[in-house]
Amino acid sequence: MPYTRDTEVVQRLKPEAMTQAEQEALAGIDDLDFEIFQHKMNMIALEGKETTMKLGASTGMRWGDVAFGIYTGLGDLAVVATGIWFHAVLGQIPVKFIVKHWLKDETVGVRPGDSYFFNDPFYSGVHAADMGLCVPVFAEGELICFVGANVHTGENGSAEPGGQPIAAKSRYEEGLMVPPIKVGENYTLREDIMTMLGTATRDPRTMVLDIKARLAACRIAERRIQEMVADKGLAFFRGALRKILTTTAKAARKKVSLLHDGIYRQPRFMDIVGNEEKIIKIGICLEKKGDKLKLTFDGVSPMLDAHPQNTFFQGIIGLAMVYFCGWFFYDLPANNALLEALDWEFPARTVVNASGDVPTALAPAIQTCFVHGIFLIGARMTYNLDPERAVASWFSGFGVPYFGGFNQWEEPVADISPELNATGAGARPDMDGVSGAGAFFATMSDCSDVETTEADRPFLYLFRNYFKHSYGAGKYRGGAGVGFGVSIHHVPWLAMGGLGYGSKYPATLGIFGGYAVPPGFIQTVHGSDVKKHLADSDRSLPVNLDQLYGEANPEKGNRALHNITMGIKPFLNGDTFYMPAGGGAGYGDVLERDPQAVMDDLRSGLASRWMAENLYKVAFDPETLVVDLEATKQLRQKAFEERKQRGVPMAEFEETWSKQHPPRDILKYFGGYPHPKPKMDFGLPM
Amino acid sequence: MAQERKDLSYEINIDVGGTFTDFYLNDQASGAFLTKTPTTHYDLSVGFMRGIKDLAKSCGLGRRQLLEQTKAVRYCTTVGTNALIERSGPKLGLITTAGFEDTIFLGRARSWADGISVTENKDLARINKPTPLIARDMVVGVRERVDSAGQVVSPLQAEEVLEKLQVLVDRGAMGFVVCLLWSFANPVHEHMIKSIIEEEYPEDYLGSMPVTLSCEVSPKQGEYTRFITTAVNAYIHGVMAEELNALIHDLRSAGYKRPLQLVQNTGGMKKVSRTRAVLTHNAGPVAGLHGAAALGETYGQGNMVFTDMGGTSFDIGVITGGRLKTYDFIQVIDRWRTNIAAIEVKSIGAGGGSIAWLNELMGKALNVGPLSAGSMPGPACYDQGGEEPTVTDADLVLGYLDADNYLGGEMLLDPDLSQEAIRKKIAAPLGLEVAEAAARIRALVDANMGQEAFNEVALKGHDPRNFILFACGGAGPAHACGFAPYLGVKKVLAPFYSPVSGAFGASTVKVQQVWNHSATMKLFRWKDQAYSQDLDAFNRVVEGLKDLALRDLRLEGYSEDRVSFRLELDMRYGMQYNLTKVTSPHLTVRSQEQFKDICDRFTEEYSKVYSPEATYPQGGINVECFYLTATVDQAPAVWTPADLAGPEPPAEAALKPRKAYWRALGGFKETPVHDFHKLLPGNVILGPALVDARHTTFVIEPFWRFTLDRFFNGVLEPA
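If you read the protein sequences in the order shown, they are chains R and L. With the first sequence counted from 1, adding 849 to any position gets you this note's numbering. With the second sequence counted from 1, adding 3 to any position gets you this note's numbering.
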């Protein structure tokens, strides 16, 4: 063991080769027994997930950012209960690490009653805020499988609270990063290790409760599996667990084979590096041939040496599975055998394939920026097969306040707010997207009640409503995200910042003519007099983000606008913080939207009069909202004609377009415009 | 034939289901009668009165005679639920805190997943939130704010309320729902709004409109579920009141003199006039669970898994220590997540109507459900146009059901249609014989039900192998031997009343109600690792709930000395979100030591459910919600055991044998069939065998033994 990161084990995302024992066991499994077994395994995973959620404490745990998996003895994930689909392929890496390194190591070993904790993103794949715990399951004296729970705990003692430090310049500022380490033996957690983990973070209670929650769930699953093996036999269990992988792989390749062959490209841009307004690019290429997909890249900005918007390649594969498990393979089991239908090649030393000591705390930003490209490709790729599911994207840019300090009970808090789970879903070919649907990467999560958040977070929410300028318009519009504002309450101060992107360049693009999600940004007011206005029952105080920027807003103080990524700052009692959670992207041409649907949006506050008149070109009576169909038809016809007049021949367009160039100062990290290239490889160790 | 009597001796219990309305009549003198009538969805009272007529006939009485001699009619109604599903409620206006007008639409984001199956909510491209009960333009915000400490941060202004009220009235509001943030902690603004509305629209005016406050309907933390619970209650209140008043009128006209009692999902019952509409949802299954608990007491059994397999769903409930608990259950009504303290009865999509299908993508893997053929068109054998093979079709093909005597001969089944549906959709594509395909359908649905039931018990921290299984519902006794092994239970009770378990259960329900209130109290503080000294705060909440309960029960006619209380607390470790419900060892507290008792009880329960490793008392222990159950002292239901006959069934109980398929025996075998109604207590039947009852069939699989016990209930055990 060279005491460095293991670059080999992270490559093993696809199922391990079948063992002789599995092969033999698999042959004798009856189809009906197998179906019953699969159902039971799903029940066990579900019980594990629900138990984990019930017992934990972090925001992620509270609101469902949880996955519970059953892994084969070799570490492949066979069954998972989650709405966070990247765990379907990422949760296995720490397990495979344990099998590779600790199983035969005399100083560590893998024995009944052991438990292992991990949060090094190199193995967990996303970021250090995601933490996991797994335990080996033994039966008849043999290691038969592992079970484990992964949860976004958040706070990990990094340079900024909440586990995602924007200002990190190397991984050594990103807090606790633990490769799989034994934290318990003989069915007991080690107090020395728990003390170390607790004291390494700002919020020891959350750290400890989350670990205990994961462990309790694992122990229950361990018992259930041992009971099943006692009933059905070891060979059956091994064979059936492997059969889940083989049937999934076969089904995945079959489904891929139904798509048209072709090459799909999608460039993606992100508008923030650290906290600087710079642009970087991820050029995505997905080739479909026969029953396989191959992911390659066509121009990716180089790895960022001193900014945390880098990701390890495995995180990219993980996020790709968010699209594949939730949208394309929605009707298949979720496990790492789905990857049998996907191959990949990553350019070295780029933002999508980090190495060395570069920080990766904001890897989720790069990953979601990438996967939005997969959503766009996915809609085009699947249109022939399943047009109902060729849909526009949910919001992809994040938009997360993070905070640290003490709450009204004088207890430490360091976390993110739950409104990242209140984004809008993308529009569909036959209907609008769902407003406030969740987060695309954690679709079963929820955004909490205001009262629940205020009960132990020192906030007074000023409003939390759908934001009418949060979604992409179209023939069908995206679902709205929420806009919200909070004032620091009950406590003298709290430190706050924001995470995300898309303040300058839209984070989420429309599909088939639909509009992108508008850029969003944060407003803060230090020294705000908002509490005085509240005490005066001032009705002119904004009740939504739209009104925040109106002239009638009476709030006074030191007002500032920030990108969605905002470095952490102290906020005093009464200071205010406002932020949108983005909506979904639009589908189809705005001029084809049913005028009545536009009026419905006006009535429900999801559209403005300006939008109805200027975007959708609807003629209507502003008092009664009765549509003049004939006048609308004429307005739209005129708009079509104007579009045609703006049109130019392709060659002319290309000539003009190719001469355009972004301002040079925003290309600092781009890596050579227009076709970025990776950095030179100096052969640095991992 | 019953004699006409002057005393009030009969009790009639009614449970409305999707397909049938079930009736159970009990009378100390003449025993029990049960019947079923088709549910008349257009007007539930038609089926209701028809069933009473059938019962009267069974007792040898006229309907008026029966009703005049009836001391109680207890009703598990679905009127409210139907109003929700059909969206037939009134146009309501919602008044809320300005800035939070979208709360019920946002639904904590994932409200799209509430009330739909796992399969549906995995199809992310096609999800949708339910159509709101209150349109967005019928929601207005008023500037006001109370904070988490219950302090008024922004006072409410009456003129704004009047102004917004007018907006709602102009838009056609027929009632008002008032839901403000933190109103359960400080209801001053909600009460103020109610006063303003009542002043503007006094009761003696025709324009008077009902006002529903969230602090009264649902005084619990978490605005989404509080608002929704209040809105659902307001939405179904009027419809229910109208229908139930009409029914009461019909009953009175027909001779009934006592109040109509409604069974509630909290496990008790109240008069119609003292019942909150939202508490009637799912009352039938809860009553069924209650009946199992009551019967279990007779058997000296405290731990039971209750199941009810009907046409479209399989209900699962858990009884521990002889009691029904609410656990941390979230009652979803239709698509609406509420916060009522309901007893949990989980429903999964598995029943006689569940459709079998092949998943082509997964290599033609056999699946059963969650789609159901329902009652219309129903299974293929109903000959109502259904072409999909269902569990009932499988049961018929396998010879378990008597095609000529289904539901006591009220419905004829066509086995050829079942054969054809299974052959075409399952057997032929898999290259199987039709019977083997049917057996696989049955085995799979049994496994799914058994494994889901296992999980339900396990998730509550119990081991189902130490439980007795109740197999109820029209299809329960037919499948019990199939799904019981997945729970590992050693004994299955398939009661004589299983086809009408909800109606039977209603006969055992007591006058009882749960009163709750959210209040955060840190009984053990993390900060200084010490127990709270604020005894008054704790006792104030309990006394407040007691006052509410006693006032309510006095209005119902019960004196204080007949009322007993039980205090349950939602508790958690500091920073945890989810709550564990614990029965408090003290109703009120007199010392810090008693706070320690409560904390110890919490840790004990927590440890039992989730393992000692999971406990973390050092993190602090909070109480978040108080539940006070007030129960009126009533005599428990008593069943008199009959004398035992020998194990051999009487000759007259033998019916014509049927060919039935037994996988374990390699195919169809001539199988003895018995008439349930002619068996005697003590009779034993070894499987394979079938026992036909009027509304169900007991399928006794090979290596199982059926015994009719002293209470005329079937007991199934591995032989």
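One thing to keep in mind: the hints can contain errors.
Beta-carbon label-pair distances, calculated as ranges [to be verified]:
| no. | chain 1 | residue 1 | chain 2 | residue 2 | range |
| --- | --- | --- | --- | --- | --- |
| 1 | R | P1116 | L | A533 | 56 to 62 Å |
| 2 | R | D880 | L | G324 | 40 to 46 Å |
| 3 | L | K463 | R | D1235 | 49 to 55 Å |
| 4 | R | D1235 | L | H252 | 42 to 48 Å |
| 5 | L | N362 | R | P1116 | 44 to 50 Å |
Simulated from the structure, these hints should not be mistaken for laboratory data. We treat Cβ as the ideally placed atom computed from N, Cα and C, and that holds for glycine.
So, going through the hints one by one against the coordinates:
1. R:P1116 / L:A533: 56 to 62 Å: holds (60 Å)
2. R:D880 / L:G324: 40 to 46 Å: Given about 41 Å between the Cβ atoms, the range holds.
3. L:K463 / R:D1235: 49 to 55 Å: violated (40 Å)
4. R:D1235 / L:H252: 42 to 48 Å: violated (55 Å)
5. L:N362 / R:P1116: 44 to 50 Å: Cβ of N362 (chain L) to Cβ of P1116 (chain R): about 37 Å, so the range 44 to 50 Å is violated.
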